[in-house]
Amino acid sequence: MTRMARILGIPLLLVASLTALADAQSSAGRAISGAWVPMGGGRGAAADPKIAPPPATPIVLKPAYAKMFDARRAADAEATKRGDAPATPAVLCLPYGMPRMMTVASYPIEILQTPGQITIVTEAFSEVRRVFLDQPQLPIDEVPPGFYGHSVGRWDGDTLVVDTVGIKESVPGYNLMPHSDQMRITERIRLVTPDVLHDQITIEDPVALEKPFTYTLAFRRLPNYKMVEFVCENNREYIDEQGRVRMKVGGQK
Amino acid sequence: MRLIVGRSLFVLLAAAVTGAVSARAHHSFSMFDTATPVTLTGVVSSVEWTNPHVYIELDLTEPVKGARHWSIELGSPSILQRGGWKFNSVRKGDKVTAIVSPLKSGEPGSLLTRITLPDGRVLGNGGPTGVGPGITAPPATAPVK
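Going line by line, the protein sequences match chains A and B.
Each number in the working numbering comes from the position in the first sequence (counting from 1) with 46 added on.
Each number in the working numbering comes from the position in the second sequence (counting from 1) with 99 added on.
Don't read these hints as lab results, they were simulated from the structure.
Here are the computed lysine to aspartate or glutamate pairs in the DMTMM-like style, where the Cα-Cα straight-line distance is at most 25 Å:
| # | chain 1 | residue 1 | chain 2 | residue 2 |
| --- | --- | --- | --- | --- |
| 1 | A | K294 | B | D193 |
| 2 | B | K203 | B | E147 |
| 3 | A | K127 | B | D132 |
| 4 | A | K294 | B | E156 |
| 5 | B | K203 | A | E124 |
| 6 | A | K294 | B | E161 |
| 7 | B | K203 | A | E283 |
| 8 | B | K191 | A | E283 |
| 9 | A | K294 | B | E147 |
| 10 | A | K113 | A | E124 |
| 11 | B | K203 | A | D286 |
| 12 | B | K191 | B | E147 |
| 13 | A | K214 | A | D122 |
| 14 | A | K272 | B | E147 |
| 15 | B | K185 | B | E147 |
| 16 | B | K185 | A | E156 |
| 17 | B | K191 | A | E279 |
| 18 | A | K214 | A | D187 |
| 19 | B | K164 | A | E283 |
| 20 | B | K185 | A | E279 |
| 21 | A | K127 | A | D116 |
| 22 | B | K185 | A | E283 |
| 23 | B | K203 | A | E287 |
| 24 | A | K294 | B | E206 |
| 25 | B | K203 | A | D122 |
| 26 | B | K185 | A | E275 |
| 27 | A | K294 | B | D158 |
| 28 | B | K191 | A | E275 |
| 29 | B | K191 | B | E206 |
| 30 | A | K127 | B | E206 |
| 31 | A | K113 | A | D227 |
| 32 | B | K164 | A | D286 |
| 33 | A | K294 | B | D132 |
| 34 | A | K108 | A | E256 |
As the structure is a prediction and not an experimental result, all values here were calculated from the model.
Just chain B, with the same shape it has in the complex (with noise of 0.2 Å):
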């Protein structure tokens, strides 16, 4: 029991020491494959500015992983207005690229990094906005075309 004990404490200690505090509100992007974004280029079928997040529905130009047809999952209104972005920001019908962290189970779903508006405005997923940091998603790799 004595080790239990002590392995608890160390677990929680380390828990203590790496992050005492969760950094999501809803769920871990442990579901997100964040090592290798994807570039995603289309038609914007449809933006659900809900909680717990927000979603833009893409009608690809060209197939990615054998889909025509991703779901993004961005952070929350509350975040993302923190990080510039307004509830219509993006509109159906928009023309979009989108650089994404896809879902590890191979369905086309993913997670937001950043991404470019008609006008050439490129927002982000939430992020440090001067009121502490948001849901940050990771740093992209790709370019943005």
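Chain A with its partners taken away, still in its complex shape (with noise of 0.2 Å):
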């Protein structure tokens, strides 16, 4: 080796290896792989303000869907008035589809990386939505409105960006809110420590909403958890011809 190439080696080597230690970071940054349980229903624990999530933004519906909001709202209130359980979809077995499905009260979500997709398999219902990794999102309009869309998503250092679009009209939002079919949803899924990740959700419509709101989960990794099976076979709740949710009892099927 000539002097030259010794002087020019030693900076090549040195960023070499530290483009090798900011990859093995990301790489750690982005090892989400494995069974992750809402915390605090999602809302984080409070008391760790380190790895709470911020306060959900508010959200501003357009006139006419915060008047169908409040009539669900007038409705539920009446139905636990009266002693009965709100009619709501996952009352028939329904799945909860995006953007719910991701804290479904304690139930944990398994995230499974792949070459090129992320997988996330939720408990609750065994709901499955895939996130293909690095590709052009389609036009709203080319999606077939289902329970979970279509997902995108791209690594932007070690956060994971999800872009969503074509979740169906009859999927209930965000704490039930309404929602049309251009809704948009934007996740920013990131490791706030090695065993905390956060999901932040941006939701846009430009039809239901005034302005996009955020509002952030938190997940705690379960180490060697195995996910349990969610077969809606026996659901004894049913909704009457009045619409209220009933229960049969008495071996009654």
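With the hints as a guide, bring the two chains together.
Pasting the structure below:
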């Protein structure tokens, strides 16, 4: 090796080492595979403000959607007042869909990282969503409206940015709010500590919302957890002809 | 219209403070009278370890509210497992005592608060187990026999 090559080689080696180090750090920051449980119903652990998610921003619906939402809330409040469970699609064992599927009570979710794809499986109702990495998003009118829509993702440093469109209007939105078929969900998923994951969710809907709003869910890692199956085979709750939620008793099927 | 938007915003903010994320997977528990629990003692006629809920059917030793047979709804297998249950923790033929919240409709159906097994073990309806809050039934106010 010539003297010049040695002189040039040292900085090159240094740069290569720093790059490798950055990659290693980045790769550790991107290791989100595994089971995760919502902390405090997704609202985080109040005891530790360092890892608590920031409060949600206000949701301001456009007048027509505000009216729909008010009617819905009033009906639910009336049902609760007379001692009934509000009649939601989940009573009929319909899955939650996006974005509510990301936190259903204390049910864990499982994230699976494979080349070109990240798959998220929920324990409640065994829902599955697939995030296709480094692909352009489809125009909304090319995605058949469904419960999970079409999701694409990319890594922005240690943050997984996921864009989802194509959620059908009959799938209730965040807090059961109504939305249009133009809803767009942007998630920024990142580890805030090695064992705490935040999913910052921004909902945009130019038809239903006056402006976008953002809320953040918090999860804790569940090492070695084996996801439990959830097949809704024995639903004794039903909605009667008056729209009231009832429970079959005494072995009625 | 402005009024409607304003009211809706208020409701949403109130919801964000009081419980932005639903605590129940399948349905609300408002159909059960959690304020007046009852104690059921009897023999298990069947156990259904199923989703969305586990059910225990109980033939009572003495009728309660005029019924000799009661249905008891529990959380899901997932929630119960994380609360210390196994699928065979309760078996057909077991004599058990359960504290339950009865249906407000007056029908002999209920939501489990806790159950005492033949060997004296007491199991709740899921609940905190180190992995976050489960479907937590209200605390029992009646003593377990």
